[in-house]
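**Q** Residue strings, one per chain:
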Amino acid sequence: MLSEGRLRTLNDFIEKTTKEELIWINGYIAGLISSAGPSVAEPAQPSKKFTILYGTDTGNSKKLALEFTALAKKQGGKVKVSGMDAYKPEDLAQEKQLCIIMSTHGDGDPPPAAKKFYDHLMETGTQYPNLEFALLALGDSSYPLFCKAGEEVHNRLLALGATSVFPLQKCDIDYQEEANNWFQLYLNSFPSAAPAPPVPPKKAPHTKKWYSGVIKTNINLNGHTSSKETHHLEIRTLEPVLYEPGDALGVIPKNRKSTVDEILSLLQVDSNLSVPYKGSAYTLSNLLTQTFNICHLKESQVQKYADLTGHEIPKVRMDLLDLLKIYPVRNSRQFIEFTAHLTEQLPRLYSICSSPQAREFEIHILVGKNSFEAQGENRFGLCSEQLNELYEGTPVEFYIHKNKSFRLPSPDTDVILIGPGTGIAPMRAFIEDRDASGASGRNWLIFGEQHFVSDFYYQTEIQQYASTGILHQVDLAWSRDQKEKQYVQHRMREKGEELYEWLRGGAHVFVSGTRSPMSEDVEKAWIDIIYTHSGKSAPESEAWWNEIKESGQYKADVY
Amino acid sequence: MSNPKTGEPNLSQVEKIKMKSDGLRGSLAESLQDQLTGALREEDQSLIKHHGMYQQDDRDLRESRAQKKLEWLYSYMIRLRLPGGFLNPSQWVALHHIAGEHSTGVIKITTRQTIQLHGILKSHLKPTLKAFATQRLDSIAACGDVNRNVICSAHPKQSRAHEEVFAYADKISTLALPRTNAYYEIWLDREALTNKEEEIDPLYQDRYLPRKFKIAICIPPNNDVDVFANDIGLIAILDGDKLLGFNVAIGGGLGTTHGNADTYPRLATVIGFVASEEKILKAVYEIITVQRDFGNRSDRKQARLKYTIDRMGLDAFKSEVEKRCGFEFEPAKPFSFSERTDYFGWHQNHEGNWYYTLFVENGRIADENRAIKTALYEAAQTGKTNFRFTANQKVILSDIHPSDKKAIEQILEKYDLIKHTDEAIPMRQNAIACVALNTCPLALAEGQRYLPTLISKLEPLLKKYKLENDPISIRMTGCPNGCGRPYLAEIGLIGTSYGRYNLHLGGDRLGERLNEKKYEQVNEEEIISILDPLFKKYAAAKKKYQSFGDFIHQNPELVTTR
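Listed in order, the protein sequences are those of chains A and B. Letter by letter, the first sequence follows residues 25 to 583 of the numbering used here. Letter by letter, the second sequence follows residues 625 to 1186 of the numbering used here.
In case anyone wonders, no lab produced these hints; they're calculated from the structure. Be a bit skeptical, because a hint or two may be false.
[To be verified] Output of the computed footprint for chain B on chain A, the stretches with three or more beta carbons under 8 Å from beta carbons of chain B:
1) 277-288
2) 478-485
[Said to hold, decoys possible] When the alpha-carbon atoms are kept at most 30 Å apart in a straight line, the in silico BS3-like pairs for lysine-lysine are as follows:
3) B:Lys750 / A:Lys87
4) B:Lys746 / A:Lys509
5) B:Lys1142 / A:Lys172
6) A:Lys302 / A:Lys252
Bear in mind the structure is a predicted one, so any value in this text is a computation, not a measurement. Cβ coordinates follow ideal geometry from the N, Cα and C atoms, glycine included.
Bound-form chain A, shown alone (with noise of 0.2 Å):
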């Protein structure tokens, strides 16, 4: 970089110089740098950005790691914490700073909730050359093996190339107060630099764009006595996907392979028949698995499918293989000839439920079973079957589906997410999105299902927002614990003089879920709790209301 003279200058200057002096213009160059501004810097790096992770068996190291996350985000930090049961051990080749709290179990085993974590770092042979880690652990000096799962794991982390960036710390069952100076110390271990300025939202191009990905995870979040079945999944991608917390995920569904294998067996034809489509010809395996929509049949369909046929049809909507079997045709010719009645497969939408803020090269969506039934098949639709199909490793192709009417205000506004059931897929969003970019206004969440024990979705991850002050008010109602019915509008009502200060002080209140009766009985509510707070007679309630409506205070994404 430097020409040769200006080069031989400086190593003369610094053969001249004692090892002190040298110490001492590295700190003042350095200073010099940072306060000549980001165009001379590197790009500023937020400075405490770490992933806190816990092992925890009584509770002590979860309690430990909530207290440490709002200590560290109250200090400027950006904190992920996860317990190490909810962890995917995979994603440590991605983490760069780790801080590890975690105790031991009986006799000096990992807590049972960590087991699959600590299993899975005694196994692997990837090394982690590029992680740095900090680790506490707790224990009992009653007893011989004192820490001896947290000494295990700091050892293994070591031996896989990972740097520790403070010594191993053991703290007994008085942790309290040790376990504090340790972290506030590894607090400040991180370089303080200037706050990173806000990076603006990335424009996304006007023209679609496919995306490849693959799918990560696939967990149903139901607990295993509920009735429902919402799956989470997790798409990992090559390159950042740019969207924004409100977008949705549209995908082209396919249909199953064994679903078309039969139609061609009925048609006793062979897969690779050539048909003409649109102007083109292509094999009749491929339109039956990705152009048509075979599911479903609108009535005119069938009814067409009788003409052609000449069997008596009943005005029923059906699954093109159904009808094939009951009401055969006479020959393949007739079959292509019905084809020209067949539509194409629309894409279906999916709410997204992460935030690019808070990801990179990640994008999570959130499909419940039930959703193809009460949200038509144009929106949402996705047979169950597919859905289980979805395993680890499938790859999807993909594109963003804008919902431009649906975004989170400034940073400083304060927000009211009511989101029952799979309603909560856009509001985990907007959640992570204000934690990830340390939004300074309050967040209120409301959400609603049938039980707490089995379907509240995401909820490790809400008591985490709640414990470390990213979600200021949580209220959940359950519509099948106790023998009336409760819903969100009840928990709406039962808040309502602080709802409707928040709404008085700007706040801006997002609905996402069913449009009737859900949505409906929302914006009622809202109408109630105003007239029963403000003093406006019911008419102006009602005015004041749809003037907050116009004016995008409130945003409904409803279906």
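Given chain A, work out where chain B should sit, using these hints.
**A** Just chain B, lined up with the frame of chain A:
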């Protein structure tokens, strides 16, 4: 662990929680209101034990729920305070409905003569306790660092003095109740006391006891309550039908900790005899106060009365009690035990009333293989039977007038329960297992879910050696804490890890000698292959009236440690 400045031992965490709890209130009101979690705040989890509850979770589901981003499936166990283990028929009917509405539905009889319900969600705690309160039932002090449920020889046929002895269970329980209104305020929504002075507790003060405290009363010659397993054991001394008083035994306790050599099971030591009611209650009270003042409050694993006595010396402990009582114990009276059992089937007491002791495997009253729960509900609905629990997890349909016996018998027959009781071999009838997995947070291995299967595998061996009518005692616990009194069994199995147990042998059949750990961490296959040759040798060489436990104890060379 002591304070470097004062040299005083540091108080354990639980001690601090108790002292600042404001009469066991803590932040329970807030904990109950927290909608985000089914759990209580950590400190409140210690406090609810004193209200008769434990926070538990379904351990089988921990991993899957973590993946689902759901917290552990927390629920609560509620244990009633039932001195001597007695319910009237209307209380039984209520219990049946409460169990169905708020818990898993299974009514579990404990080894301390009471019942507990499991799987109660946080939001159901208050409704459950309110429903019990309408039947004048409570769970105060059923767990925690206080005097627990007082147990007493169960069967009224034991003696004409049974009723008089039995009444002591209630008197002692009342004597040692914590004086706080917290239970009524928190769970039953009663008004707070205006005068806090009413809550000044001369017995427990603001710190309660260093550890749990257990009291049992027995009527020789039956040691059905395992009197020596208790902190205080009262042994009734009778002259014919007349109760003369009690021999007092102190310092029993079974719990240990794996890998902690300073913990051990200990049988209570008889320290003397006390005669009048006034003196008996005074002696019990002062034994508790001495333990309160001298017990270890820094290390909970050294806090039971047994360790206090061994540390102070028996004589020093006794004289401190006598000093506080203002009288001395008389020399212990002679007594002897000849059995330790429940009297299964029909028996009559001296007044002519009938009693039917029903076999309930591991105390689980449910409609599983047999409709025991339905049958007992039907029996209760007749209003013609009371219910008494034994310290071995069984129930006695009791105090049945001769003219009502037939009606009750018909119900038992209708549900095939007489056959059910008769066809269980004595080993199964007398077996005890604790709750363990998947409910108890302390469990390292299975208890009640597994012991019945193991006995089914031992049954053919017993038959092979014609031992099926030998009431060899077998007890299993999922951890070393001793709830199922495994240290006092002829065959004791103490869980060490999933599927593995320490096998203890050589205890006597009367509860007067502890067994010894003979094998460590053995699995089912090993347990069977160890017991098979021992049963064989026992069957071939046993002397008349010699129990399996005595046989092993007297022939230690038979146990070949691997």
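**Q** All hints, please: hold or fail.
**A** Evaluated hints:
1. Against chain B, the stretch 277-288 of chain A contributes 0 residues with a C-beta closer than 8 Å to a partner C-beta. That does not satisfy the three-residue criterion, and the hint is violated.
2. Residues of the stretch 478-485 of chain A with a Cβ under 8 Å from some Cβ of chain B number 7, which satisfies the need for three, so the listed coverage holds.
3. Of the pairs offered as hints, the one joining Lys750 (chain B) and Lys87 (chain A) holds, with about 27 Å between alpha carbons and a cut-off of 30 Å not exceeded.
4. For the hint linking Lys746 (chain B) to Lys509 (chain A), the alpha-carbon distance of about 19 Å falls within 30 Å, and the restraint holds.
5. A distance of roughly 28 Å separates the Cα atoms of Lys1142 (chain B) and Lys172 (chain A); the hinted pair therefore holds under the 30 Å criterion.
6. As the CA atoms of Lys302 (chain A) and Lys252 (chain A) are separated by approximately 41 Å, the hinted pair breaks the 30 Å bound.
Against the hints set out earlier in the document, violations occur for numbers 1 and 6.
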